[in-house]
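Heads up: the sequence lines are chains A and B, in that order. Take any residue in the first sequence, note its place counting from 1, add 1, and you have its number in this note's numbering. Take any residue in the second sequence, note its place counting from 1, add 223, and you have its number in this note's numbering.
Hint data in this document are derived by calculation from the structure and do not stem from the laboratory. Computed from a prediction, not measured in an experiment: that's the story for all the values here. Among these hints, one or two may not hold up.
[To be verified] No more than 27 angstroms apart at the CA atoms, straight line, and that leaves these computed lysine-lysine pairs for DSSO-like:
{"id": "1", "chain 1": "A", "residue 1": "160", "chain 2": "A", "residue 2": "95"}
{"id": "2", "chain 1": "A", "residue 1": "458", "chain 2": "B", "residue 2": "430"}
{"id": "3", "chain 1": "B", "residue 1": "366", "chain 2": "B", "residue 2": "430"}
{"id": "4", "chain 1": "A", "residue 1": "146", "chain 2": "A", "residue 2": "205"}
{"id": "5", "chain 1": "B", "residue 1": "430", "chain 2": "A", "residue 2": "192"}
{"id": "6", "chain 1": "B", "residue 1": "541", "chain 2": "A", "residue 2": "419"}
{"id": "7", "chain 1": "B", "residue 1": "262", "chain 2": "A", "residue 2": "451"}
{"id": "8", "chain 1": "B", "residue 1": "452", "chain 2": "A", "residue 2": "419"}
{"id": "9", "chain 1": "A", "residue 1": "191", "chain 2": "B", "residue 2": "262"}
{"id": "10", "chain 1": "A", "residue 1": "187", "chain 2": "B", "residue 2": "541"}
{"id": "11", "chain 1": "A", "residue 1": "485", "chain 2": "A", "residue 2": "561"}
{"id": "12", "chain 1": "A", "residue 1": "281", "chain 2": "B", "residue 2": "541"}
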Amino acid sequence: MDTTTKVVDLEKVVIKFAGDSGDGMQLTGTQFTDTSALLGNDLATFPDYPAEIRAPQGTVAGVSGFQIHIGRIDINTPGDIADVLVAMNPAALKANKNWIKKGGTIIVNIDSFTKKDLEKAGYETSPLEDNSFEGYNIIQAPITKLTREALKDSGLDGKSIGRSKNMFALGIVYWMFNRPMAQTEKFLQKKFAKKPEVVAANIKVMHAGYNFADTIEALPSSYTVLSANLKSGTYRNVMGNQAIAWGFLAAAERANKELFLGSYPITPASDILHELAKYKNLGVKTFQAEDEIAGICSAIGASFTGSLAITTTSGPGLALKAEGLGLAIMAELPLVVVNVQRGGPSTGLPTKTEQSDLMQALYGRNGESPSVVLASSTPGNCFDWAYMASKITLEHNTPVVLLSDGYLGNGAEPWKIKSTMDMPEINPSIAVEGEEYQPYARDKKTLARKLALPGTKGLEHRLGGLEKEDITGNVSYDPENHEKMVGIRAEKINRIADIIPNQEIFGKEEGDLLVVGWGGTHGSLYSAVDNLLKTGEKIALCQFNYINPLPKNTAEIFSKYKNIIVCELNSGQFANYLRMNFQGTIFHQYNKIQGFPFTTSELESHFKTLLSK
Amino acid sequence: MEHLTNKDFTSDQEVRWCPGCGDYTILRAMQKALPALGKKKEDFVFISGIGCSSRFPYYMNTYGFHTIHGRAPAFATGVKLANPKLSVWQITGDGDALAIGGNHFIHALRRNIDINILLFNNEIYGLTKGQFSPTSKKGIKTKSNPHGTTDEPFSPSDLAIGAQGSFFARVVDTNPKLMQKIFTEAEEHRGTSLIEILQNCVIFNDKTFAAITGKEVKQNAQLILEDGKPMLFGAEMKKGIVLNGFKLEVVTIGENNVTEEDILVHDAKEHDPTLHAMLARMRPPEFPAALGIIRAVSRQTFDEGLLNQLEYEKENAKFKTVDELLKSGETWEVIS
């Protein structure tokens, strides 16, 4: 064994695992993530996979990737390009050829570079044999062959052996970054508890990969990434969708409400349904409805009956829920609609991220039907925004749309575990037996009406989608009443601005350039602004989570910079919303609509150009 | 428990159906049936979609929710799951339940959620002023198809049975007594109880059920089924239904050696839906229309299944609070 290998300490590193969609790359990436998190690294991940479950094998369209950025410094994005790429076949190499750092390390499964595999990937000759990757450190690992060799006496069939080769790749990368394998061993033992032979095989292959890396001389050094300087506390890894589910659980417990989820499966939001469906022990009622419409309508029924009711979906599903959401606005019932955005329009790009449902969330309904709109901005703070959405909806009795996106939903980061008692109180606005009840009488300050729950003696009343008479809530076709009620519904939302905190900025409090973003772009915008602040630029980031209503100090912030640029993963929806709200202010735009998040470097170079003008 | 009367269930809102509309009878029958159910007034919830029938909740002095077109079963499901103690009634029409709401309708029946669905079937769109509906007789001329419809109508009973409905009853809007009886039984039945009410629209589809409800024909055109009783009808109760091979047949006692023993005896609790479906399909002039409770079989309700699981999971839970959940799994300490 070579004991002279150098160990190099790195500040941060970006690793990408890429292979066929059946190669187990998501699991491999998740394992590396969990191990790194337990070592105390800060990290961010970006799973990127095709919409098809098994796209044609070996093709570029079928490549599934998992990128992870780990560091001992603050990590806010999954990284622009990879330092290390694991490519399980030629297609994976081809799909990522522009996303690997010049001079980076590429580990390829050389057994998968046969003529047939190369053809499927659209290569005429092997890119490893011409000068396509000159200057890169290419490690040609016979992963398939060595996996078979390791398992030749395992008694497993050829298919099962083939499935274990991702563990070989993981073993190599564990060696490269000096990671212990214990966490993954534990995971395998739990996952395949009923199949000890599969556990043994996977562990054996992972060790074989680790030892292979240790033995070959192609790897000049191994690396460490020390633990990050995170704030004291107990941490765990969370994904955005999971954090949203937990935020709702926490809110229901603090509000002393039953949690009800009415939902219909849709990518990339289904994981919220999966997560909540686990917790019947906490009293959660999940209802997989027959369609998106029944999802929201069942939730409204549960809300009318006193639950903290939510529905979860993605873009096309929000379109189907529009009429139901309008009814919840008219009936002034609490309801949280989560939209984990994906590329649109229509079916669009189901597995890719985009921020193109902002206008739909704000205005996608008939009539004048304003809704509160919030957006989460990191996988971890999905917890807080699900909680805040619940608090606002229960206290103000008006629906809230919470926008997340595929990038946040599937992305992971270390999360400092919160206690439910760290979260603000929730005081639902509900009438009790014996009280004088008028369904549409309002709180003077917030204009919220009170609910009266079925089963409460003496408070029987009727709600509905027909226009309501002020105070009594009876059906009314009176023209002046209608105008009044339209005004009240709008004003009720506006007054929520009175209770939300001031918008914060990161960076210079006044200066040359204000970068404006909202929701899931926080990580890349923050990193770009941070880098430019370090070079002395007078720049700041203003990332919005409260979209409607906007924080009250927004105009004041905007007035302090020479230029404002609104960056979003759409054609300019938030920029136009701001133009409507702050007429006279000039908003520049930076937009990307490719199904991918911003890279820090593209933002940085664009901001630099603006600053130098 | 306080004694309730029909007045307790009457709201202060002016009823706005057309004069002569069959809906009035249904409303009165409901207001009379509810006090006898032995439940508290605050535990009744009426949910409706859109259409003439769907105004019903406004006239009931109970909790009520007039929702959106076709989706009432989904709202009712949410209400029932959120509070299974409530008595949940869905009011719907042939357009609301079988056209725009067809999907929700069949899934409610399939799941067997414990709600009662009153399907006001008038074979026409009333509120939108007279277009044909999914139950309109083929060939009917309406504003939206002046040359006569070319689509086959739905049979609500076949749809319900196909969706594995556990309770199906039918009544005409001219028989409030039978209606009250059915409402009571529907409430007692655990699962989705579907009651089809043949309801006359005086304005857009007058007398569409005249062949069943007409004074001069009704004795021969209605078979009121009772569980455990022979299927007899007619002015002298001498006519009956027998099974001849795979088909139903009308016979007369005393003719062709037919005795009362030959007449089919109704068994609403039979799980096999074949005979129920055949009976529900009968129509004049060949047959009488079957009324009463045609099918009432027992199977687990959706709400019951969910509650059982919740109870089991709560008892066998590894953790009982959200904080315990948040701290579960792989965690690590950072000390800085």
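Of all the hints numbered above, which does this structure not satisfy? Sort the numbers upward. Of the numbered hints, 2, 5, 8, 9, 11 do not hold.
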